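Chemist: Chains as they are written, first to last, in our numbering: chain D, 13 to 122; chain P, 12 to 126.
If you're looking for bench data, these hints aren't it; they were derived computationally from the structure. Since this is a predicted model, take the numbers as computed values, not measurements. Some hints could be false.
Said to hold, decoys possible - Label-pair ranges, simulated between beta-carbon atoms:
{"no.": "1", "chain 1": "D", "residue 1": "N36", "chain 2": "P", "residue 2": "S70", "range": "21 to 27 Å"}
{"no.": "2", "chain 1": "P", "residue 1": "H84", "chain 2": "D", "residue 2": "Q14", "range": "29 to 35 Å"}
{"no.": "3", "chain 1": "P", "residue 1": "H90", "chain 2": "D", "residue 2": "K121", "range": "41 to 47 Å"}
{"no.": "4", "chain 1": "D", "residue 1": "Q26", "chain 2": "P", "residue 2": "H90", "range": "47 to 53 Å"}
{"no.": "5", "chain 1": "P", "residue 1": "S49", "chain 2": "D", "residue 2": "P93", "range": "24 to 30 Å"}
{"no.": "6", "chain 1": "D", "residue 1": "G52", "chain 2": "P", "residue 2": "R65", "range": "25 to 31 Å"}
What the hints assert, rightly or not - Derived, one-sided and incomplete: chain P residues facing chain D with beta-carbon distance under 8 Å:
{"no.": "7", "residue": "G25"}
{"no.": "8", "residue": "P53"}
{"no.": "9", "residue": "L54"}
{"no.": "10", "residue": "M57"}
{"no.": "11", "residue": "L101"}
{"no.": "12", "residue": "Y113"}
{"no.": "13", "residue": "E114"}
{"no.": "14", "residue": "Q115"}
{"no.": "15", "residue": "Y116"}
{"no.": "16", "residue": "F117"}
{"no.": "17", "residue": "G118"}
{"no.": "18", "residue": "P119"}
Virtual Cβ for every residue (Gly too), placed ideally from N, Cα, C.
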Amino acid sequence: TQLLEQSPQFLSIQEGENLTVYCNSSSVFSSLQWYRQEPGEGPVLLVTVVTGGEVKKLKRLTFQFGDARKDSSLHITAAQPGDTGLYLCAGSPSSNDMRFGAGTRLTVKP
Amino acid sequence: ETGVTQTPRHLVMGMTNKKSLKCEQHLGHNAMYWYKQSAKKPLELMFVYSLEERVENNSVPSRFSPECPNSSHLFLHLHTLQPEDSALYLCASSQDFSGDSYEQYFGPGTRLTVT
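I would like the entire structure built from these sequences, with the hints used as guidance.
Modeler: Rendered as structure tokens:
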């Protein structure tokens with residue numbers, strides 16, 4: 013069992029649709045990061061959420077940190093083909109430890 | 012050059028070869044990381060260096076040997092690898108390796124194939 017569970021594993025949608033992906037854990041995290049990785053490239057940091065209940069927006073992307081700081085979600089409004097990629101959540105459950113989820117692979121079809 | 016760079020981008024090596032992966036960061040960060048990314052598996056943290064000292068070694072086989080000569084450069088020396096070591100090897104850096112936030116900046120990775 014992974015410390016950070018991401019769902020769904022795969023998601024294929026049409027351009028213009030909305031979607032939500034999830035990152036869940038039984039552990040408390042002081043912060044969580046979301047990254048997007050495109051084929052052949054390294055992950056790119058999108059956002060860090062720190063405070064329980066926090067909501068951050070990045071254009072059409074909305075990130076939420078659960079009140080108990082054990083889970084997070086990423087909502088994309090009106091998805092575009094350029095949103096295609098592997099979305100990874102990551103966090104530190106304790107000092108000197110960094111964990112990544114397995115990711116959600118999103119495909120947005122034109 | 013900006014950000015985090017890695018060379019080579021692709022590497023094919025035999026099991027008896029010795030090769031090295033190079034990573035350079037231009038962000039003035041104090042911590043650098045090596046990750047292994049295999050198909051259908053989460054990113055696996057291999058090594059962490061903070062201020063040029065190794066602070067983390069996650070039970071990585073000795074056929075992988077990291078080196079951090081200064082805070083901007085990180086190497087991963089490879090020898091007698093196995094086919095299952097084929098993967099994307101990612102280097103990352105962060106401002107520090109302390110506190111609760113580890114916002115990391117990744118390089119493009121080296122795609123390694125062991126034949």
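Chemist: What are the numbers of the hints that this structure violates, sorted from low to high?
Modeler: Structure breaks hints 7, 10.
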